[in-house]
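Asker: Here are the chains, one letter per residue:
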Amino acid sequence: MAEDLGMNGNRLMTRAAGALALLALLAGCNGGSGSGVNAAPPLYAQIAQATRASIAKNRMHRAERPPLTRKMLDEIEGSYIEVTLERPDIFAYLSAALVRRDGTPGEVVQWRTEDEVTLTMRNGMLIATRGLGGDLVSADVAVAEGVTGPASGGEKVMYVRTGDLEERRLVLSCDLADLGPAPVEIVELTHPARHLRESCTAEGAAGGRVVNDYWVDSRSGIVWQSRQWAGPHIGYMRIRRLTTG
Amino acid sequence: MTERDPAISARTALAALGLALALALPLPLAAEDILLSAPGSQEPSFDPAPPPSLNFYGSPGLIDMPSAEMLPDAQFTTAFSSFGGQGRLTTTFQALPWLSASFRYNGIRDWNYGGFDTYYDRGFDVRVRLLSEGRYRPAVAVGLQDFVGTGIYAGEYIVATKGFDTPALSPGRLPGRLKLSAGVGWGRLGTNNSFGAPFGNDRPAYDPESTGGKVAYDQWFRGPAAFFGGLEWQADERWSVKAEYSSDAYNFETGVTSVFERKSDFNFGVEWQASESTRLGAYYLYGSRFGLAANIQVNPSRPPNRIAAPAPQPVAVRVPKVDNPLSWSEDWAGPAGAAAASQAAGQGAGQAAANRQLLRDLLQTRLSEQGLELESISLSADRAELRYRNTRYSSNAIAVGRAARVLAATLPNSVETFRLVPVRRGLALSAVTLRRSDLEALEFAPDASRALYAVTAIGEAAPLPPAGALGPVGSYPSYRWSLGPYFDPSYFDPDRPFRLDFGLSLSMTYEFAPGWLVSGNIRQRIAGNVKDGRPSNSVLPHVRTDQTAYAQEDTVLNRLYMARQWRPGGALYARVTGGYLEKMFGGVSAELLWKPVNSRLGLGVEANYVRQRDFDQRFGFQDYSVFTGHASAYLELGNGYLAEIDAGRYLAGDVGATVSLDRTFSNGWSVGGWFTVTDVSAEDFGEGSFDKGIRFTIPVNWFLGKPTQQAINFGIRPTQRDGGQRLNVPGRLYEQVRDSHAKALSDQWPRIWE
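From first to last, the protein sequence lines stand for chains A and B.
Quick note on our numbering: the first sequence kicks off at 4 and runs consecutively.
Quick note on our numbering: the second sequence kicks off at 31 and runs consecutively.
Bound-form chain A, shown alone (with noise of 0.2 Å):
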């Protein structure tokens, strides 16, 4: 009887170091002094979280969006934009974090969200993204001081990060067409802009089309609305203009 009880005692010890491991085992954990504070956690416990992630994110994407309303927008301060990136249908807001000049022609603003993705305008012309994976490292468009949005067409190159940590040069070879007139209503406001389109055409093995539009007013130096390619990772994204600040 005794050993009877004393079995069942070890069994259940036994069932509850397996359940412990198990845990342990789904989980994995660290710790440690200075750079342990640095430390990644274990490798499956992180393919466990990313798979999680990578199931909320495509939920994420069918989510509705919130109805935007200008009063509702009247409240917020600073700049913000809307952006949609097409190909995955996510949107985000990002605030204008940064607005300077360098050597190049042209204002840069650099847009952000709060989870850390950075669009970067070199006068309304998307020239760089952050934080997206296979991002436009840097770009050259036609810029010119004081022209808001495409100055004229010609050569554009794109330098795009590929899965491989190199950067590809893609180069564009772009006719500008001014399409008119185009008011354009964001949220309730309707902005009097002009519509250009630049149409492109890949040079090199990468081959095929890229047409970005652009809606701009040229009095206020505002790119209200724009739908721009962004490499053949990222894929198209369209923009929008919420708030000025």
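Hints were generated in silico from the structure; no laboratory data involved.
Just so you know, even glycine gets a beta-carbon here, dropped at the ideal spot from N, CA and C.
FRET-style restraints, in silico, Cβ to Cβ:
id: 1; chain 1: B; residue 1: L392; chain 2: A; residue 2: R222; range: 42 to 48 Å
id: 2; chain 1: B; residue 1: Q387; chain 2: A; residue 2: R222; range: 49 to 55 Å
id: 3; chain 1: B; residue 1: N567; chain 2: A; residue 2: G34; range: 42 to 48 Å
id: 4; chain 1: B; residue 1: S357; chain 2: A; residue 2: L182; range: 47 to 53 Å
Here are some chain A residues the structure puts well away from chain B; computed CB gaps all over 10 Å:
id: 5; residue: T72
id: 6; residue: D77
id: 7; residue: E78
id: 8; residue: S155
id: 9; residue: G157
id: 10; residue: G183
id: 11; residue: P184
id: 12; residue: P186
id: 13; residue: V190
id: 14; residue: E191
id: 15; residue: L192
id: 16; residue: P195
id: 17; residue: D220
id: 18; residue: S223
id: 19; residue: R241
Place chain B on chain A using the hints.
Answerer: Just chain B now, with coordinates in the frame of chain A:
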């Protein structure tokens, strides 16, 4: 022995699962797979054309016959096929655009010959493209199948393939493609309706008793030859059908043994592309059997989740000096030159020291936020040298960029030159020198990567920080620990092709000063069957073949050692390690490496005195001890190819050399192979004749898409024997050093802006 039979397919599938595990992991994550290019999508693309489909041998081809197609460069495939009781698991790597290599493991049920009722074997294939497909010209390839080993599948072929577009099945869909292949086969592929032996008849018959391992070059293209051919029609981007005429008579399987019945020369199949990487097929072969195949194709340069680090803060731009000269004052750094002698200078120096400490504290905090740990900072009025450890990013270029941004955001305006020195476990690896004004001017410039590279110097770092450098606050001693699962596989036991132990692994590392550490690892097995394996039959000292004896205990001390690393000067790196170095050996190990930052060549020597550990892997040792050591040469060949030659004395006391070749990718992938030839005779070595194998490194961030330095490493030997075995000492120098040197930094330079 008979009870094994019903389980064979399950076991082969388990082996397939084991090999494919790391490759299959991306699948659930890659939910955004886009299947081929949709019609109407005309965006520029870097993606290669869809890869060819694979045959039952895992090569591009039809069903049992090959075609002349090549996989896209660097493509890595795993293929499983089964028909008539024959399972084949093949992994193929397209090493060059015109050359691929395969490793295959196969099991044949109902063999009932030579004491095996199920026969397992391994083999290697190599394929070379002779002509690429032109407008009118077909592609032509030559292949050697199972060209080392016991040669059950030994055969050679020359094959031509030409593709034609076919109309789309319905409007709005992609056009189809018809591919015709025809070829001549020898060996196994020349056995059905042979037309003669064009290159002579002196080919010995297949001998199941041979120990194998010899490259059978004297048999290639000898003996009877026969024609084969067939077609593949890809109706659309998902479905295709295949039909072929086989030149393989399966003489041994249908004549000597009765594995299956061969009633027809023709095979038929249907294939379905399940996702971008996965393809499934169903077939009817030789008029008697149904078959199935599943393939996974991945490409190291096309990760399922693109690696993205959180966007960096923009480079802080200084006010121009003309606008605010005061903010550019150098006074913060203390009086310089003659003024230093005056009385006021004494006070100034005290203030300057306080300023430096304040900056050090700020830097330490801000670097830590970026996953970088401050090792030392040396500040003068116009220069800063920062030494740091990168604990987050697999790419060292991104770490350089983040460190430079932190310096630009923190240091007084007068500091113009940044010298960044990555440090790993006490080793200063290289020095990247940047001008702060270049960072400010180029961040948003077109072609920013190349522009910055042109004004950056990458050179040798001094072994120690300059005098007066400030160390971190409270960084040493440091420790870290982790608890997680481990998996310990054992392959190709003739009784059971795949054995696995798994359990919990507890690791602790204590660094009591830069370059000094004590590290230990304890494993607790939860379950596994490695302990049921075969005992060693080796005639050499059992330096590696006692793995079954080593797998008897559940709780083991895997490693416990102390190590010191330092820079003796020049381009030299040194390491001394002592303790329980690995599962089977303990002792002392010393290594010296010469590797200039800008050189593609590295030279090293390593000497070890080790004693074999007790099977229970506690603190005891057995009687066997050995001096083992190597002289090594490492060469970066370009295009990611890394060659290594190690010559010296191995664990069993044998003397010889190892040649390895790996193709490495900037993102951390590496695929390669090695072979070792020593003075041990093929007979003493046993099955396989000499040591050889293939190995992979798959970085975790490749499928996580987030910065992490972890990687999955595994190597596979067709047979584990005792000849040509090296000590498994932790922390060899070359791999710690190479990825911070000029070649690696320049290969991934664009990441400096990430």
